[in-house]
Amino acid sequence: MNPEFLAGMRTALPVSVGALVFGLTLGVTASQAGLSAVEMGLMSATVFAGASQLVAVQMFDQGATLIAIATAVFAVNARHMLMGATLTPLIRSHPRPLRWLALLMMVDESWALTMARSRRVPTGPAFIIGAGCLFFPIWLSATMAGVWFGDLVPDPRLFGLDFLGVAVFIGMLALLQPKRRDLPPFIATAVLSPLLATVLPGSWSIIAAASAGALIAAVRP
Amino acid sequence: MTFDPHIVLTILAMAAATAFTRLSGYWIISLVEPGPRLRRFLDTAPQTVFVAMIAPPIWNGGPAEWTGAVAAAAAMKLSGNLALTIAAGVGTTAVIRYLL
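Read top to bottom, the protein sequences are chains A and B.
Just so we're aligned, residue 0 is where the first sequence starts under numbering that gives the first Met the number 0, counting upward by one.
Just so we're aligned, residue 0 is where the second sequence starts under numbering that gives the first Met the number 0, counting upward by one.
By construction, these hints were calculated from the structure, which means they are not laboratory data.
Please read these numbers as outputs of a predicted model, since none were measured by experiment.
In this text, a Cβ means the ideal position worked out from N, Cα and C, and glycines have one as well.
Treat the hints with caution; some may be incorrect.
[To be verified] A short list of chain B residues far from chain A (calculated; beta carbon distances all over 10 Å):
(1) Ala12
(2) Leu98
(3) Leu99
[Said to hold, decoys possible] So the derived label-pair ranges between C-beta atoms look like this:
(4) Val190(A) to Pro62(B): 14 to 24 Å
(5) Leu194(A) to Arg38(B): 22 to 32 Å
(6) Pro136(A) to Leu8(B): 20 to 30 Å
(7) Ala15(B) to Leu97(A): 21 to 31 Å
(8) Asp60(A) to Lys76(B): 23 to 33 Å
[To be verified] Which chain A residues face chain B? A few, computed with CB under 8 Å, are given here:
(9) Leu19
(10) Met171
(11) Ala209
Let the hints inform the model, and build the full structure from the sequences given.
Right, dumping it as structure tokens:
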């Protein structure tokens, strides 16, 4: 088997513990919103993007329309466009099926691990596909199991599980080995993101704040 | 095993919207050859995306979230292990919420 594919799976293993816990939490929330395990499984298999699924499940609970939910999901996942763009130099010279598979299986975690690795060694689509092949079955089974065990977990906030995403992203940021000269872009983004979140819906505030920070890095002399 | 057609249709619309976000960034960037500035933008963007995702919950949080973030950062710095980082961040936040 392709060693890069295996390296992707191996590197993703510690992170998959986080995905497991997040998936269980999401499934529990979905059961309270009245979704069945089959519907949850269909969503996890075809959408495969945790944060947007959490938003969708909460909107199902409020009785939102198809258009409203699909729009919110698009907004939450709009960051994928930026992520896909940064992945381009790594996958460009590879066959089309591999490029498509790498992009369609891309999640925050596998993308961050891929970007971090590409700074040390040449990295291609096989790595991110390998990581995705580990995440996918874990995500699918964890979210479905979460629906089944829905009533057993009380308030997730009590266990700090709502903080899971923040902890994951702090780890991911460290994996990308930021330099001292990245501090001004970071500060700009950190200030802009919460401010813009009060006026922009979904993850548009994330796109805008992240782009503003990266723009500062781009115009650096 | 229930199967609500409205929910299934909505899920398929979510799937289509998400697939578009995953593929379109690549399509757009494939049309232009990145110069040094665009390259630096794409180099920094992954990191600022994470900063942008971390900032709001910390900004809107209290002592529990702030300590949790510091614990997660410290665990990552010391161990370099993501599972430990998650445990430290989530665990610290939960304990301080319980204490307060």
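Checked hints:
no., hint, in the structure
1, Ala12, "violated, 4 Å"
2, Leu98, "holds, 12 Å"
3, Leu99, "holds, 12 Å"
4, Val190(A) to Pro62(B): 14 to 24 Å, "holds, 21 Å"
5, Leu194(A) to Arg38(B): 22 to 32 Å, "holds, 28 Å"
6, Pro136(A) to Leu8(B): 20 to 30 Å, "holds, 26 Å"
7, Ala15(B) to Leu97(A): 21 to 31 Å, "holds, 22 Å"
8, Asp60(A) to Lys76(B): 23 to 33 Å, "violated, 38 Å"
9, Leu19, "violated, 10 Å"
10, Met171, "holds, 5 Å"
11, Ala209, "holds, 4 Å"
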